[in-house]
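Trainee: Residue numbers (our numbering), protein chains in the order written: chain E, 3 to 487; chain C, 3 to 487.
One thing to keep in mind: the hints can contain errors.
As the list makes no split between identical chains, a pair holds if one copy fits it or if it spans any two.
In silico lysine to aspartate or glutamate, DMTMM-like type, Cα no more than 20 Å apart, as pairs [as the list claims (entries may be wrong)]:
no.: 1; residue 1: Lys-469; residue 2: Asp-481
no.: 2; residue 1: Lys-273; residue 2: Glu-64
no.: 3; residue 1: Lys-273; residue 2: Asp-464
no.: 4; residue 1: Lys-347; residue 2: Asp-270
no.: 5; residue 1: Lys-248; residue 2: Glu-394
no.: 6; residue 1: Lys-469; residue 2: Asp-247
no.: 7; residue 1: Lys-440; residue 2: Asp-206
Hints are computed from structural coordinates only; laboratory data are not their basis.
Just so it is clear, the structure is predicted and the values come from calculations on it, not from any experiment.
In case you want the letters, here they are:
Number of protein chains: 2
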Amino acid sequence: MRWLRRLGLILTLPVLLIAVLALYVGVKWALHSQDDDPVRIASKASYLRMVAQGAVSQSGTERPNVLILFYDDLGYGDFGFTGSRAIKTPNIDALAAAGTVLTNFHSASPVCSPARAALLTGRLPLRAGMPQVVYPSGQAIQLINILGETNTRLPLEEITLADVLKADGYRTGMVGKWHLGDAAPSLPNRMGFDSFFGALHSNDMHPFALWRNDRIEVADPADQDSLDRRYTDEALRFLAAGGADKRPFFLYFAHNFPHEPLHAAPADRGKSAAGLYGDVVERLDRGVGEIVAALKAGGQFDNTIIILTSDNGPWFEGSPGMARGRKGQTFEGGMRVPFLVHWPKSLVGGRSLPDQAMGNDLFPTLLDWLAIPLPVDRKIDGQSLRPLLAGEPQPPRITYYYSGKQLMAVSDGRYKYHDRQPILYTLSNGTWALPFPKGPWLFDLSIDPDESYDIAMLRPADAARLKAALDARRVEDRDNPRGWR
Amino acid sequence: MRWLRRLGLILTLPVLLIAVLALYVGVKWALHSQDDDPVRIASKASYLRMVAQGAVSQSGTERPNVLILFYDDLGYGDFGFTGSRAIKTPNIDALAAAGTVLTNFHSASPVCSPARAALLTGRLPLRAGMPQVVYPSGQAIQLINILGETNTRLPLEEITLADVLKADGYRTGMVGKWHLGDAAPSLPNRMGFDSFFGALHSNDMHPFALWRNDRIEVADPADQDSLDRRYTDEALRFLAAGGADKRPFFLYFAHNFPHEPLHAAPADRGKSAAGLYGDVVERLDRGVGEIVAALKAGGQFDNTIIILTSDNGPWFEGSPGMARGRKGQTFEGGMRVPFLVHWPKSLVGGRSLPDQAMGNDLFPTLLDWLAIPLPVDRKIDGQSLRPLLAGEPQPPRITYYYSGKQLMAVSDGRYKYHDRQPILYTLSNGTWALPFPKGPWLFDLSIDPDESYDIAMLRPADAARLKAALDARRVEDRDNPRGWR
């Protein structure tokens, strides 16, 4: 028995260590809270009632349809109109040529869920309560959200574009990837969409099932070779379903591709000079061609606002368009994304504008076009692009670059100020990877598009001005992270 | 006493763990061996005697001077002639315009020491016995070399360009950064250089002293604000020192800049639109201007071969020229570097060639121009660029991309095959960094310059052909790592 007692003593330290760790995780898990503020949920409801009342008075006017094409991990350089020499996207390029392209458009986040939350709410991810990627419920990887103290689903009090357009009398539909929580009540049908078909998260997460509204229609693992066909057909069906219904439509088509793993139908494979990634993107382009054809056939093309963009820069494949960094990073390659808007009836086409804009601008822009007032109980970070797209000069503005809850950089369009941050240095063979703290850095994007030359000492006034903007925003984030008024 | 015994038992496991670790390191350290092969040292000596005998018979001809300008961590996009919009380098651009530029030139390694070993020996770093960066003697960081089982200095049997040119009757000098070991006998004077002034390693390593031959002339920490001035003056002094001496010269000017930390004299600061990094590079350019002026004044400009390049891609600052990756990586941004050769007397100028070439080609190229036979006791990886630079088409060749001892990728100039390897994914705020194993990947550099689209499945024959070349080289490396014949 003596050796047993000795063994016990020898194991004391490791056992203690594991116990402390388990306790820490347990306490974190137990204390983890999901934002769902009853007061704000009530003010959201009253805002939406107000929108609905306004809609009745407008019911005579011919409101435009709205179609958002949102791709996953698609890089700035992956389209013909953004310079790809390897991928052919004639249908998307045609929309770009006949529409307006913004060349300095950023997603609101370098990763999935936050970018989506910002696009749908008009608020930067921290304010929308969704600063981090959300992981599938009940899986060990969800510890990232628990330990990061972030919501695991979009808080119910957030007002989505679908909520507003639905209240305004739109027929609202979503096809594709939600990724704003896989648990009730934060599911698409509860967040403004009349209909939903798609996945609750990324196509590399499990279980990967396809849902129709609140039920699984295609069980895990859903076949991904046919995913684009299925999604495109669903989108076409949604467009056709209008029929006698005279309401305008809002379709949020948030594709799972070209996020890894890449899949294409056999007939679509081996065609692109850019390999399977190119096959996938070229297939997306053909899907756009089918949708455009359907809109034209239905006489809806002229008065449909088509907006096309991506949620962040490319991951391991895909081109950041000659910029520094990729998905997950606040360098341009992580957040600058392609953007086009096409609306023949009301927007001059054939333009390419260098002005700053961000994914969270779409919410206020659409509300502006539809003459719907913004909610007043919360700060909306996005700015309406209506004046810019109508040909007016855009007043100075600041672009914020967040990584998780942390504000990493700010830019006025020309100068970009990176706060001191860990930059990773690694050898290809993985032998070592040390995050070096670097910065602060000031880059002049006009002559240094790949963020290679720090000019903080050369332009101290610009550095100080942008640092002040960054500091001020951090104070706001600390005092009122969700941006309530 | 009982609590003491208990405490002892509780600490057993950690103490054991530390002891095992210490033992492992100790054994590694004790068993660490430095290559210095007496047989090969002897055959090196006989080769150099043979060169010296050949030199006597040639003493009548007017042999060209050789000047290699080698910069540290300077990126592909950091010069005017390689596309910089932020940095002005008129003197270097003038050499490029009047000389020949190679746009597909790679350093032999994405890091310092191996790149230097390859440049001076004509052999890829593994064969030159220098696959890893070497760290200062006796410091804890040297464990990287010990545990990596690599030499801590260039093996004495290696034949450097300086050895050969000295034997051929050249006056040989080195100014700048050695970084091929900081301990005798592998120091510059023993490795072929009549004179040496500079540092034994990078300017971020300690102690940073400046040596004249085998003595410290400027004690640690040497002032780096005046480093460029000092180096340029030393280079000018070396050029002037010829005087009555009718021998041609070989000057290896291996600058410490623009490697971090960046320093410039007060008069040189605040001038470049690219900040301090730009100030440093523009100052390097002015140094080149001074050297060119001196060569012209001495009537040597026409028959001096000036070669200008870098040891690897840029680190945290500096532009990789719109390529993927940076220093340390086998993506193009880590290894593609600027290159120009200027030799009015014998080379047509005003050319820009897209052909493959590598740092280790300089040794065989110079020997070819000087009609000196290559050593036969060892494999020389580099290929003479004489035919290419004389206007002949270059036969197909393979570029090898090593990281440490590991061959990571091969390219035929158009297609690049990356073997399966860990690619780092990280968020800017450093919250996580997981190396994902990725690949194998085949890139078509002709339409995909930032290595974004894997086409291994689209071009299986090219993938297989290049994989075969990679596998064959790995077998060679395993069976005969140092490439002895």
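Trainee: Against each hint, give a clear statement of whether it holds in the structure.
Mentor: To see whether the hints hold, each was checked on the structure:
{"no.": "1", "hint": "Lys-469 with Asp-481", "verdict": "within (18 Å within a copy, 57 Å between copies)"}
{"no.": "2", "hint": "Lys-273 with Glu-64", "verdict": "neither (42 Å within a copy, 58 Å between copies)"}
{"no.": "3", "hint": "Lys-273 with Asp-464", "verdict": "between (48 Å within a copy, 17 Å between copies)"}
{"no.": "4", "hint": "Lys-347 with Asp-270", "verdict": "neither (34 Å within a copy, 57 Å between copies)"}
{"no.": "5", "hint": "Lys-248 with Glu-394", "verdict": "neither (33 Å within a copy, 72 Å between copies)"}
{"no.": "6", "hint": "Lys-469 with Asp-247", "verdict": "neither (52 Å within a copy, 59 Å between copies)"}
{"no.": "7", "hint": "Lys-440 with Asp-206", "verdict": "between (32 Å within a copy, 15 Å between copies)"}
Going down the numbered hints, you'll see the structure goes against 2, 4, 5 and 6, while the others check out.
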